[in-house]
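Going line by line, the protein sequences match chains F and B.
For reference, each letter of the first sequence is one residue, going 609 to 1021 in the working numbering.
For reference, each letter of the second sequence is one residue, going 1169 to 1595 in the working numbering.
Note that these hints are calculated values from the structure, not bench results.
There could be a bad hint or two in this list.
[Unchecked claim] Subject to a maximum C-alpha distance of 27 Å in a straight line, what follows is the list of computed DSSO-like cross-link-like pairs (lysine-lysine):
(1) F:K844 <-> F:K1010
(2) F:K807 <-> F:K614
(3) B:K1240 <-> F:K893
(4) B:K1524 <-> F:K844
(5) F:K652 <-> F:K759
(6) B:K1193 <-> F:K892
(7) B:K1308 <-> F:K892
(8) B:K1320 <-> F:K751
(9) F:K788 <-> F:K844
(10) F:K788 <-> B:K1173
(11) B:K1173 <-> F:K723
(12) B:K1308 <-> F:K890
(13) B:K1279 <-> F:K945
(14) F:K778 <-> B:K1469
(15) F:K990 <-> B:K1358
(16) B:K1358 <-> F:K892
(17) B:K1496 <-> B:K1415
(18) F:K783 <-> B:K1582
(19) B:K1445 <-> B:K1280
(20) B:K1496 <-> F:K723
(21) B:K1524 <-> F:K951
(22) B:K1193 <-> B:K1320
(23) F:K751 <-> B:K1496
(24) B:K1183 <-> F:K807
(25) F:K951 <-> B:K1280
(26) B:K1445 <-> B:K1582
(27) F:K652 <-> B:K1496
(28) B:K1496 <-> F:K671
(29) B:K1320 <-> F:K783
(30) B:K1524 <-> F:K671
(31) F:K652 <-> F:K783
(32) F:K807 <-> B:K1173
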Amino acid sequence: MQIDYKKFTLSNGLRFIVHEDHSTPMAVLNVLYDVGARDEDPGKTGFAHLFEHLMFGGSVNIKDFESPLLMAGGENNAFTTNDLTNYYIQLPAENIETACWLDSDRMLSLAFSEKSLDVQRKVVCEEFKEHYINRPYGDVAFKLRELAYKKHPYRWMTIGQELSHIENAKLADVKAFFSKHYCPANAILVMAGNIRTDKALALAEKWFGHIPAGKKYIRQLPVEPEQDAARVLEVKADVPLDALYKAFHVGSRTDKSYYAMDLIGELLGGGGSSRLFQTLVKEKKLFSNIECYHFGSSDPGLLLIEGKLIKGTPMLTADQAIREELDKLSSATISEKELMKVKNKTESAILFEDMSLMNRASNLAMYELMGDVAFMNTELDKYMNVTTGEIRDLSASIFDEKNSSSLFYYSNN
Amino acid sequence: MLNRKAAPEITDAVKFQLSLPPCQKISLRNGVEVYLVDMGTVDTLMMNIVFYAGNCFETENGVAAATNFMLKSGTRSKTAYEINDFFEYYGAYLNRQSGHETAELTLHCMKKNFAELLPVVSELIVDSIFPEEELGIYKKNMQQRLQVNLRKNDFIAGRLIDSYLFGAAHPYGKFHSMEDYAALNVQEIKDFYNRYYLGGRCIIFIAGPLPSGIRDLAEKNFGNLPLHGPGKPDLATAAILPAKEKKYRVSNDPDSVQGAIRIARNFPNRHHPDFQKMQVLNNIFGGFFGSRLMTNIREDKGYTYGIHSYLANLIQESTLMISTEAGKDVSESTISEVYLEMKRLCEEPVTDEELKTSKNFMIGTLLGDLDGPFQVAGRWKSLVLNGLTEAYFYSGIETIKNIQPAALQELANKYLNAPDFYELVVF
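Taking the hints into account, I'd like the entire structure generated from these sequences.
What follows is the structure, given as structure tokens:
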């Protein structure tokens, strides 16, 4: 399915994309800022995400962000990743100007209130506890990142490396972060839904076009050196079952190998007929569940495998069994039918994702961030062009033992 | 010069004319009712087959859920792997879901593959064989999953509160133990399948831009099965036996840093005249991000990442539930603040401004919720399963648009009294 859009540059340089869809009564305003946890100071991790919370604490001219939006029948939210921060509002299309007013004011400047910082520090600490401390295996992602990355800032989590980094955040840090990252030069604006392009453009110019452009942030992140030996970390924790995690370095989202890598993840761990599930859960009964996934990160990322062992399975037996499956992909060519299966799954997943106006709006912004919004419409072709030979060769290079980080997570009861 | 202090003009969402897009009902020759929602611009379809085969029909704990799960575990001509491989080859998702009254099979697929997929969906319904080995894997894996979940305070809290509200023997209040999984056997699963699937009652919902031959397709694949239309399913009306004691503090994990909190009361089902009004009051109380609970307990005090209240989606009887996870040291303060917010709603009428905001928000989000065929089918399903008609949808909208502060205050005094609530912290 082709997604129609028009792309503009506002007078201050802000990139602006409009997507018309007159089958819906709704409209979406999506603002993406090109800043994520990878842009943080190693001593102040978790800041990009904490900052996202502060974006709801009032802006320079509007004390209360939430109430006027509710009054306009709107809802909104935001998310932060290691790569980017994305804000979205959905509301009845008639009231799209309210969204423009609210989001342009917080791009202009925040209220910077001590009270808001104080409360959101606590809220984020509770979020940290809820998701990562008060939960069995909650520390795995932290340990795995630290094992796989030695230099690149992907070595810490979006939520932050430790609670103290969040607890110590100062208002001065908040202001500095805002002026460095939150400006038109570092943002992408999308308006989508039941709105005409000319009207959308006029609204965007009216509310966003005069905000000072700010300085384009030029990212200079340390490059992760190529891994030259297998890494293993053993952990004992108060959990009911042994678990095994493996991470392999892969290319970035914009690397030409991305599509084959994504399909390899599907072949291994996507659903009930995937290779790892069928062999290790169903046939060999070594794991009670096993998954394979990646984050599609902007810088070179990780392909991860994780599973919980059936009680009584030795860790090394489980590890060896995974290794055998990976070796099969690296040494033998898969059938055309199996490749077609994961391509069909991808085609279907893209279609289902595109059903939501909100997804279309944020995806348009993300493809623009990747380099060009036009990529959104050529994505499927790139998957369809992947060959069985590429799958085999890329598997061989990803699943090289030297490229692996394994976390053996033992139950101590 | 742009005045950034002044909000732009808005259209009040309450002025919108909302309508529930139509649904066409057809009956197959075996009496099975099929509801068709024909809309949407993306070539994807959803088919939801709802069986009256939930846990209120089982005699042994866990049989309904196991039967539902194992519908993809093999037929006379296909192994579990072949079934999964078949659906996944077409990029289709066939999910199972087991609830209290009903258990469902849901197919999401691309429109172009729909006709090829239906015969196999039909095969699973009438030709499943429940292999011993597959049951063994299911039991083991579910037990392991349960072991992990039992370490989560939030999971424990969710189970316990329902058992207090309904009694541990009621379908809404009972839960699975390690022993329940161990005791499952193929014979009782086959018996359950024969009675509640093969010879059971079901309703089908299909949504999306429907193919032109949809009626014939439905008739061909499902009209000849030994299924029945819904008739009057004899839903279990087990006695609800709420616990006498109302306050609980349960220690689950000595190292935990947060308490999982539930504060809840029994509440009538959707047929009660207060239900829709309560949805408006609940929205203000704890139903969304700008609610009183969220504003006070998260946005002012920072005790939690999130706190919500809701009316549970249950058929026989509902509950009003407040749910959160809060720092261990502030769990008790969080509970006090929840009661304080109830008291405020009882003692002071909500302001016109707050009510208007809430009404606009509810209508605006409802407009968004109706945006898409699957969402619309979901609305119809809820009406059908609860024995309601379209009129209920429209009376809900009228309630939102017209309710006044005095009525909400009266409702608060009727339903938001602290002594009526069960209270639980798992830490």
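Hints, one by one, checked against the model:
no.	hint	result
1	F:K844 <-> F:K1010	holds (24 Å)
2	F:K807 <-> F:K614	holds (13 Å)
3	B:K1240 <-> F:K893	holds (18 Å)
4	B:K1524 <-> F:K844	violated (55 Å)
5	F:K652 <-> F:K759	holds (16 Å)
6	B:K1193 <-> F:K892	violated (47 Å)
7	B:K1308 <-> F:K892	holds (13 Å)
8	B:K1320 <-> F:K751	holds (20 Å)
9	F:K788 <-> F:K844	violated (42 Å)
10	F:K788 <-> B:K1173	holds (25 Å)
11	B:K1173 <-> F:K723	holds (22 Å)
12	B:K1308 <-> F:K890	holds (11 Å)
13	B:K1279 <-> F:K945	holds (21 Å)
14	F:K778 <-> B:K1469	holds (18 Å)
15	F:K990 <-> B:K1358	violated (46 Å)
16	B:K1358 <-> F:K892	holds (26 Å)
17	B:K1496 <-> B:K1415	holds (17 Å)
18	F:K783 <-> B:K1582	violated (48 Å)
19	B:K1445 <-> B:K1280	violated (43 Å)
20	B:K1496 <-> F:K723	holds (22 Å)
21	B:K1524 <-> F:K951	violated (49 Å)
22	B:K1193 <-> B:K1320	violated (44 Å)
23	F:K751 <-> B:K1496	holds (25 Å)
24	B:K1183 <-> F:K807	holds (23 Å)
25	F:K951 <-> B:K1280	holds (15 Å)
26	B:K1445 <-> B:K1582	holds (12 Å)
27	F:K652 <-> B:K1496	holds (26 Å)
28	B:K1496 <-> F:K671	violated (32 Å)
29	B:K1320 <-> F:K783	violated (38 Å)
30	B:K1524 <-> F:K671	holds (19 Å)
31	F:K652 <-> F:K783	holds (14 Å)
32	F:K807 <-> B:K1173	holds (22 Å)
Hints 4, 6, 9, 15, 18, 19, 21, 22, 28 and 29 from the list above are not met by this structure, while the remaining hints are.
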